[in-house]
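**Student:** Start from the sequences, fold in the hints, and give me the full structure.
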Amino acid sequence: MSITSRYEVDHSSSLAKRFAGLVTSYMNDPIAAREPVARVPLENLFRILEMYRYDAFEDEERNGVLALEGFNSPIPIVRAEQSSWYTEVLGALEKARQDVFPAEAKDEVVQRLEDGLRQLSHNGRIEDPLADRVRGFFTTFAASI
Amino acid sequence: MAALSRSSILARLKLADNLVISPILADSQLGDSSIDLRMGTVALVARAGGQPTVDPAIQLRTNNDAHASTERREQKHERFDVPFGHSFLLHPGSLLLVPTLEWVKIPADLQGVVTARSSWAREGLNIATATIINPGYQGIVTLELANFGEIPIKLYPGLRIAQIAFYELRSDDPAADKSHLDRSQFKMSFEPQAGKIADGDEKFLSNQAPP
Amino acid sequence: MAIAQEFLLQECENLRDLLNKTLRYEYGSADSRIFYDECSERLASLEAAIGAAADPAALGQEGNHLNQLANLICRLERSSISEHSWPFVHEFKRIASAICTEDTLAGPNTPNQIYVLADGGLDTYRIHPEDRRPAYTQKRLLTIVFPKSLKHFVLLHSILGHELGHAIWRCSKHKRDMRDQVEKHIKEGVFASPDETAAHIYSPTAPLNEKGFLGACPASMKQDNLFLNYANWEAWFEEILCDLVGLVIFGPSFVASECELLTSMNPAMTGFGPGHPPTAWRLNYLLDSAKILGYDARPPDTHPLRADIDAFWAHLETFRSTDPWYSIFTDEQLRRALGGMKNLFNRYPPTEYPVPTFERLEHLVPMLKRQIPPVGFRIANDGSPKCENVDFRHILFSGWITKASQPAMPVDIINKLCEQAIMQQIAINISLSP
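Residue numbers (numbering that gives the first Met the number 0), protein chains in the order written: chain A, 0 to 144; chain B, 0 to 210; chain C, 0 to 433.
Hints in this document: simulated from the structure, not taken from any laboratory.
None of these values were measured; they are calculated from a predicted model.
Ideal placement from N, C-alpha and C gives every residue a C-beta, glycine not left out.
Among the clues, some could well be false.
Now the stretches of chain A that chain C is said to cover, found in silico as 3 or more residues with beta-carbon under 8 Å [unchecked claim]:
#1 33–41
#2 44–55
#3 111–117
**Tutor:** Below, the structure written as C-alpha cells:
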C-alpha cells in the first residue's frame, strides 16, 4: 500500500500557461528556441492547437477490450471533473483568437499559428508579420488562464 | 543410396504431400544437387554461466526434478530474436544454434543431409556437424554454427549459410517404416532445441560397477 | 520547498542513471533509440522546470510528472524481454504507423512512436496512446501490450484492431471525420442518447438472463442513474466504435478473435460493464457488419474451400444471440457507419482490410492443412520457385478457416504455423522489393 495518497488534480491549464509564456522568451532567444529542450513546450502547444482545430479535447484513458470491470461502487464524481480539464484552455484559446485574429476562420488561424511554431522550432525565429500575431496570441492565451 | 539431382528435386517439390522446402526466395538457391538454406530469425547461444559442465549424468539425475531440469533447460541458452535487417555476432570459438528460414518436410523415402556452404566455410563459419534430416521430419532445421576463424562473424537472417542435399532410402519393410513415421503426426520443429544427451544411455551413466 | 526541490533534482539524476541502465539489455526487435532519446528529452525538460519552480504547487506538479516518467522508463525495461510475436508486431506497426498519425512540429502525418511489451493475463490486450493534454512530452508514445502467455497465438492478436480504434479516436485530426461520418450513425435509435440506451437495458422485453444480471447488480443501480453513476455511456459508444474499427482493419479474423476472447472472459455472454456495452450486443452487430461488408461471401458450391469457409462462418454464427433485444443497430445504420470508416481508412493504406480472392485462400488454406506455413510461395509448372506478396491478414484468416474446418489440428500448431508464415512472408516481401 502506498505511503500516501492525494486526489488527482489536473494541472493542464497551468502547464499550458507556462508553455505559452515560453514562446515569447524563445522568440527573443533564437539559440534557445532551437535547443532540443524547447521542443517540449512548442510541441505541446502545437498539440493543443490541433485539438482546438478538430474539437478533439477528450482525453480519458479507456480500459482494454477484455477488461473485467465490476459495479462495486458508483463512478467517482471526480471523473466528470477530469473530463473538463480543457475548459479553461479552450476559453483562453477562444479569447486569444478573437483578440488577435478577429473574424478569421479557426482552421486558418490554427494553421498560421502552427506554421509560426514550426518556424520558431526549426529556425529560431518567425517571419514578419506572423511573428507579432504569434506573440500576441500566446501572450493573450497565457494571460487568460 | 542415390542423391537427387536438380531435376529430381524439382519434380519432388512440385508434387503435393512430398518434399517441401518453403519458401525458396530465388532461383539461384537451387544448385545441381542441393538447395541453399537461409538463416532464420532466432539465435540461441550457450550461456557461459548457465551450467558448470556438459554432464549427461547430471542431466539424468535431475530429470525427475521439475525445478532443476526446467532451470537447467531454460538457463542453458540465451535466446535472441533477430528480425530481418538486424544482425548477430558470432565470436571465434562460439557455438550458435539458429533455425533455417525455410520450412522443411522430408517424405518417407528420402533423407536430407545439411552441410555448410563452402563460401562461408572459407570465412571460418561452419556447420558444427553434418546434420541428417530424417524421413518424416517437418519443421525448421536447426543449424549448429561454429566460428573457427580468428575474428567475429556478423550473421544476418536471410543469408544463405547452408545447403541441403537429398538421398533416396532403400526400405526392406515399407509398412513398418511408415507406421514408425505416422506416430509423430503433429510433431514439428519451430525453434532450435537443446539436445537430449542423456536419454537412452542411462545404464552407462551409473556409478555402480558393471555386472 | 528547498528540501523538496533538492530531492526532486536528485531524483532526476537517479532517473537518468536508470534510463542509461536500460541500454544494458539487448533489444532485438525493439528500437531502444526512439525510447531513449524521447525519455532523455522529457527528463531534461522536467529537470529544468524543477530547478525553476517558483512555488510549492508548481513543484508538486513537476513531482507528479517525474513519477510518471519513472513508470514509463521501467516499462521500457519490461519490453526488452521481447516476449511478444515480433513478426506480427512488424506487420501491425505498418498499419498503426499509417493511421495513427498527427500533424506535429516535424511535419504533417507524423506517426506516433510505437512501443511493444508483454504483460500478464488474457485481459492485457491493450494499446495505450499517451494523453494529449499538456505534459513534459515531446513525441507521443503508443504502447501496445500483448498477453505474455499468448505470445505465439497470432490468430487472437487480431483483437488489437479494436485497441487501434482507441488510438485512432485519440488522433485529433481523425476525430472530426469519425464524428461526421461514423459517430452520428451509431448514435441513433437505441443508442441515440443515454436515456434511450438505459430504457432499452431496463426494457420489459429484455431476455430473462439479462434481467437476472440486472437483479444481481447493486440495488441502488436503476434506469435513471445507470449512466450517471454506474456506467459511462460515451465509453460504451467508444467501445462500439472500436469494435467496428477492428472489423474494418482485420476483417473476419477480428470477428473470430472477438467471439473467442469475449466469450472466454464471459462464457454466459450476459451483462455489461461500466465501460463496456453488453457482450451479446457486440457479437451481434459484428456479425451483421461482416455481412454488410461482404466478408462472408462464399465461393461456388463446387469450390474446394466451400465447405471450409461455410464451417468458419457457421461456427461464428453460434455466437449470435437470436432475441431481437440484442440487435441494437439497423443494417442501414451499420452500412453508413462502416462506409464512413472506410472513407477515412482509404486515405491511409494499408489500414483497411483487403478482401482476399478465393484463389488466394485456395492457395493458403491447403498449405496450412498440410502443416506448412501458409505463404505466397509455390513451385510453378516450369519448376521455378514463385514468390508473391500476401497480406498477413490473409494468413490469419486462413488460420481461422483451418481452425474451424480441421478440429483435429491442435490450435497452438495452427497459430505457430501462421506466425512462422508471417515471418517468412516478411522475407518474401523483402526479396520481392525493388
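**Student:** Please name the hints from earlier in the document that this structure breaks, with their numbers sorted from lowest to highest.
**Tutor:** Per hint list: zero violations.
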